[in-house]
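In the order they appear, the protein sequences are chains A and B.
Counting the first sequence from 1 gives a position; my numbering is that position plus 17.
Counting the second sequence from 1 gives a position; my numbering is that position plus 10.
Derived, one-sided and incomplete: chain B residues facing chain A with beta-carbon distance under 10 Å:
hint, residue
1, Asn38
2, Gln134
3, Leu158
4, Tyr163
5, Gly175
6, Tyr182
7, Tyr197
DSS-like, lysine-lysine: derived pairs with alpha carbons at most 25 Å apart:
hint, chain 1, residue 1, chain 2, residue 2
8, A, Lys76, B, Lys189
9, A, Lys74, B, Lys186
10, B, Lys24, B, Lys74
11, B, Lys164, A, Lys67
12, B, Lys74, A, Lys93
Every beta carbon over 10 Å from chain A, so not counted as near; a handful from chain B, in silico:
hint, residue
13, Arg14
14, His16
15, Glu18
16, Lys23
17, Lys24
18, Asp29
19, Gln97
20, Gly100
21, Arg101
22, Ser143
23, Arg144
24, Met147
25, Gly196
Quick caveat, the hints were computed from the structure, so don't treat them as lab data.
No residue lacks a Cβ here, since even glycine has one placed at the ideal position from N, Cα and C.
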Amino acid sequence: MNTHNPERIRQMMMASIDGEISSADEAELKRILLGDPKRAEEYEQLKNLKMMTFQTKLKEPAPELWDNFNRRVFTKIERGIGWILFTIGAVVLLFYGAWTALSELLTDPELAWWLKTAIVAAAAGAIILFVSLIRERIYLNKHERYKDVIR
Amino acid sequence: MNSRIHIESDIVKKVSNGDTGAFTDLVNRLMKPAYFHALALMGNHEDAVEVSQETFIKVWNSRKRVDPDRPFYPWFYTILKRLCLNQHRGRSRKKEDVMSSLASWIEPEAEDGNPSDAVIEQEQKKMIEDSLSRLSMDDREIIVLKDLEGYSYKEIAEMIDIPIGTVMSRLYTARKRFKTEMEVAGYEHT
Chain A
18 MNTHNPERIR QMMMASIDGE ISSADEAELK RILLGDPKRA EEYEQLKNLK MMTFQTKLKE
78 PAPELWDNFN RRVFTKIERG IGWILFTIGA VVLLFYGAWT ALSELLTDPE LAWWLKTAIV
138 AAAAGAIILF VSLIRERIYL NKHERYKDVI R
Chain B
11 MNSRIHIESD IVKKVSNGDT GAFTDLVNRL MKPAYFHALA LMGNHEDAVE VSQETFIKVW
71 NSRKRVDPDR PFYPWFYTIL KRLCLNQHRG RSRKKEDVMS SLASWIEPEA EDGNPSDAVI
131 EQEQKKMIED SLSRLSMDDR EIIVLKDLEG YSYKEIAEMI DIPIGTVMSR LYTARKRFKT
191 EMEVAGYEHT
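Excised from the complex, chain A in its bound form:
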């Protein structure tokens, strides 16, 4: 039975398996494993598995991916800018159109009071929903886990 810190033994096992161990630690690990057959068995199993994973590699994609990679990144950046401008413009136009329509409808003396009330309620509801959505986005942005990661 050894009296070593289990965490240190595990770290030495990994360093030995990965060939990043010092000769002093290697000798110490050898001694520990000689006195602990269960640990020695685990070490051998993990070492064999490491040999297997070491003989594999991540699959190479088709070479065209690298040829088009840069272009696609720039295209996406351009489209992002395009979408932002489009959204801002669309929102402004939408609000202007809604405001004009509401002004005309609400000042129309022919329109029944209950219809005017319904229009005001629908418009107020739409504004509340829009503000709520914006507030939620801002809240999520502020509380995003990695947002403020600065190197």
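Keeping the supplied structure of chain A fixed, place chain B upon it in accordance with the hints.
Just chain B now, with coordinates in the frame of chain A:
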């Protein structure tokens, strides 16, 4: 830091100042590590392409926050990993079949051998692939970085911003879980 992922501070400075030429250079130099790291985390080609490209877009959009005096890759990797987590969460929400999308993302190192060896190799590859796919993203990440991509402890520690001791401890835990998954898949220790 490894030359594969080392970016000189003057390039980072130029990118930070909005130099598109420097950004093109940055993309050319990091597209392969970015893609392969995303592949290690996500386990499928489509997501890896999507996430790696999205990472560069985020880098460009947050270029003002970059500190050219500190290593670039850990910051880059943090963004990449966050995007992978978001993508993974999105997929879990949609309850997509994760296993089916993890088909064939690793391959044996090229070797000349006889056909029967090739069959065993393919079976083994499938077993490794399935077992890695069943691991959590963090476990898969550390095994892939060490064993499949061959980074040293020091490089991994710098890359994912953890102490070297933690790299070894995480590797131990991840390999134990990988061993269990391999045994479940039918692997017998000799």
